[in-house]
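This is what each chain is made of:
Protein chains: 2
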Amino acid sequence: MRGVVLTVIALIATLSAFAKTELKWVDATELGIHGHTKQTDKSPYYRFDHTPYEGFSKGIIKHSKESAGLYITFKTNSPQVSASWETSSNSMLDNMSGIIQRGLDLYIKQNGKWEFVGVGRVPVNAKVTKYKRCIIKNLPNGENEFLLYLPIWCEIKRLEIGVNADAEIQGLPSPFRHKVVVFGSSITHGASASRAGLTYTALLSRNLGIDFVNFGFSGSCKMQPQFLEFLKGVEADAFLFDAFSNPTTDQIKERLNNFVDEMVKSHPGKPLIFLMTPFIDSINSRVYKTRITRRDTAAEMMKALSKKHKDVYLLDVKDVLGKESTIDGTHPNDLGFYRFVNAYQTKIAKILKKYGIKGK
Amino acid sequence: MRGVVLTVIALIATLSAFAKTELKWVDATELGIHGHTKQTDKSPYYRFDHTPYEGFSKGIIKHSKESAGLYITFKTNSPQVSASWETSSNSMLDNMSGIIQRGLDLYIKQNGKWEFVGVGRVPVNAKVTKYKRCIIKNLPNGENEFLLYLPIWCEIKRLEIGVNADAEIQGLPSPFRHKVVVFGSSITHGASASRAGLTYTALLSRNLGIDFVNFGFSGSCKMQPQFLEFLKGVEADAFLFDAFSNPTTDQIKERLNNFVDEMVKSHPGKPLIFLMTPFIDSINSRVYKTRITRRDTAAEMMKALSKKHKDVYLLDVKDVLGKESTIDGTHPNDLGFYRFVNAYQTKIAKILKKYGIKGK
Chain A
6 MRGVVLTVIA LIATLSAFAK TELKWVDATE LGIHGHTKQT DKSPYYRFDH
56 TPYEGFSKGI IKHSKESAGL YITFKTNSPQ VSASWETSSN SMLDNMSGII
106 QRGLDLYIKQ NGKWEFVGVG RVPVNAKVTK YKRCIIKNLP NGENEFLLYL
156 PIWCEIKRLE IGVNADAEIQ GLPSPFRHKV VVFGSSITHG ASASRAGLTY
206 TALLSRNLGI DFVNFGFSGS CKMQPQFLEF LKGVEADAFL FDAFSNPTTD
256 QIKERLNNFV DEMVKSHPGK PLIFLMTPFI DSINSRVYKT RITRRDTAAE
306 MMKALSKKHK DVYLLDVKDV LGKESTIDGT HPNDLGFYRF VNAYQTKIAK
356 ILKKYGIKGK
Chain B
6 MRGVVLTVIA LIATLSAFAK TELKWVDATE LGIHGHTKQT DKSPYYRFDH
56 TPYEGFSKGI IKHSKESAGL YITFKTNSPQ VSASWETSSN SMLDNMSGII
106 QRGLDLYIKQ NGKWEFVGVG RVPVNAKVTK YKRCIIKNLP NGENEFLLYL
156 PIWCEIKRLE IGVNADAEIQ GLPSPFRHKV VVFGSSITHG ASASRAGLTY
206 TALLSRNLGI DFVNFGFSGS CKMQPQFLEF LKGVEADAFL FDAFSNPTTD
256 QIKERLNNFV DEMVKSHPGK PLIFLMTPFI DSINSRVYKT RITRRDTAAE
306 MMKALSKKHK DVYLLDVKDV LGKESTIDGT HPNDLGFYRF VNAYQTKIAK
356 ILKKYGIKGK
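In order, the protein sequence lines correspond to chains A and B. Going by my numbering, the first residue of the first sequence is number 6, and it counts up by one from there. Going by my numbering, the first residue of the second sequence is number 6, and it counts up by one from there.
Treat the hints as calculated values from the structure; they're not laboratory data. Errors might be hidden in some of the hints.
No copy labels: a pair is met if it fits in one copy or bridges any two.
As the list claims (entries may be wrong) - Once the Cα atoms are required to be at most 27 Å apart in a straight line, the calculated BS3-like pairs of lysine-lysine come out as:
1. Lys-132 x Lys-67
2. Lys-270 x Lys-308
3. Lys-328 x Lys-352
4. Lys-294 x Lys-80
5. Lys-114 x Lys-323
6. Lys-328 x Lys-142
7. Lys-323 x Lys-312
Using the sequences and the hints, build the whole thing.
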């Protein structure tokens with residue numbers, strides 16, 4: 006009963022907020038969707054078109070349609086910004102907020118920097134998939150530039166931005182230069198930042214002004230032949246790999262050498278930067294042993310590979326995460342990602358700069 | 006269809022994990038529930054008995070039954086620790102993980118310090134309220150001490166700890182000394198840490214060895230007469246207040262002086278420490294103005310009150326949170342709470358020490 010009353014109150018509040026100001030709604034596709042390697046012809050909100058590659062699992066196909074890493078950017082003189090969006094009804098997970106899974110995350114440019122503004126919240130209810138929210142109002146007068154991150158764990162079916170009826174709105178090109186494809190696990194995908202703008206790919210993009218493309222596939226980044234096939238053909242200026250989180254030690258032994266050799270052949274002269282997976286010591290002796298063995302195997306193989314290929318790098322900062330930095334023993338929380346980015350950002354930027362890859 | 010298959014697989018995996026080892030289950034109430042000011046006769050898992058006080062809202066009554074801040078502690082020589090628990094079906098929110106809302110958070114003592122072990126995960130589905138999980142296995146041989154935090158956003162109906170059938174398990178007294186009651190808002194309640202052990206009251210308790218009792222009532226910490234009535238009678242060694250997040254400026258003007266005077270009268274010689282609410286600058290000019298006015302009002306009144314009463318303190322560290330430290334513009338994420346605790350912990354400890362309140 007109380008829930009119903011609250012829902013009605015919320016509904017009235019929402020309606021009256023919208024009633025006060027007449028809005029016009031602009032489809033996000035007109036403003037431009039960014040953050041892909043390349044827009045698919047299936048949906049502008051898909052990260053990746055799996056159809057040319059056979060043998061992908063259902064999980065990978067599901068993740069390929071999620072909008073992780075995608076964003077729009079626009080300028081408007083509207084004193085408020087609203088959004089109306091519809092998502093798939095993918096089940097939610099308990100180790101991420103609903104906001105990062107289906108909500109929106111808005112930034113504004115101030116003094117040349119992107120500053121967090123607010124989020125588009127969602128009810129935690131698998132069946133509700135349509136949302137309409139005022140994300141921010143009472144904005145500074147005049148024209149402002151915005152960056153809106155899409156959710157990481159659902160498909161976007163539709164997204165419209167609502168501005169005051171008498172305001173102007175215009176899509177902008179991506180504020181980030183180049184394309185650095187980041188192929189990785191759930192950690193790259195974004196688990197478990199609290200909102201989409203706090204994933205490490207988003208943090209690196211804002212901090213360095215370079216477009217780090219989120220190609221994180223939770224649980225599925227195992228250097229499979231299908232992914233290799235895609236990565237060989239993709240247009241990118243550089244590659245970053247979180248490649249040692251998902252495969253077994255045996256898979257690394259089987260696949261890593263060929264994966265790197267093939268990538269070097271397909272992308273001569275481009276940097277291929279491998280990051281060692283950050284993890285906390287597990288008290289579970291078997292998990293701990295598995296992680297250490299995998300890390301040591303990867304490190305040893307990468308040592309040889311980076312000697313063999315001049316553009317292949319391993320970045321391996323020890324004990325990056327520190328205490329209290331995961332939600333569940335595996336996935337960094339916001340403190341973990343903050344430390345992770347702090348530990349790796351300068352090293353990544355330094356390598357990229359050697360190849361002429363730098364932000365504005 | 007795929008969901009069903011996954012559920013069946015998960016079920017088989019869970020059953021087979023349990024099938025391998027015969028477990029015995031011990032009710033948590035036999036081990037002892039800690040973290041209250043006083044156990045109610047309604048349920049050992051309620052934080053607070055609202056019944057002696059008239060006029061509490063339904064929201065406050067709901068929160069009073071939640072297990073935020075409660076924990077159990079035990080020692081066992083079992084090589085694994087499992088839990089079986091049942092919660093209320095409170096609706097979940099999108100600005101916190103499912104894990105903090107209904108899951109469990111386990112720590113182990115190593116070299117005299119509490120170290121994170123793992124979580125008891127939950128499906129994000131309001132209707133599922135019974136869970137059985139192995140939280141950790143392959144533990145170091147011999148006897149280990151554990152600290153298990155209960156969820157912050159639901160009622161616990163039942164909690165049992167599962168250890169190997171041939172193992173010993175024994176409840177322990179709270180590892181934390183004294184009682185510091187922390188009366189506050191959603192921020193004190195725990196929104197939006199990623200798990201229960203990362204709320205600031207839990208962090209302070211582990212860091213200082215002092216029992217900070219979570220008396221956070223999301224949205225409802227307004228120095229109401231009913232809360233004052235309770236706080237006047239409660240047995241505690243000190244009080245910490247996050248009292249300026251929820252009330253309006255007018256409510257602060259109306260209630261703060263009387264609230265403090267009455268608390269001083271009821272708890273002579275005990276420290277009453279007020280924390281200024283940490284917040285990030287909002288780009289919403291109206292929200293910003295409201296927050297600043299409220300902060301300035303509270304600061305001015307507290308200045309006079311701390312002059313009037315020798316045991317009344319205001320701790321007000323500016324710009325504690327910094328960038329990227331909230332999930333939604335209001336609630337600190339794990340990075341925010343980390344910075345918050347770093348900024349305030351030493352100052353709090355210093356005051357408490359003057360009154361003989363310190364950890365082991």
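> Which numbered hints are broken by the structure, listed smallest first?
Replying inline: none
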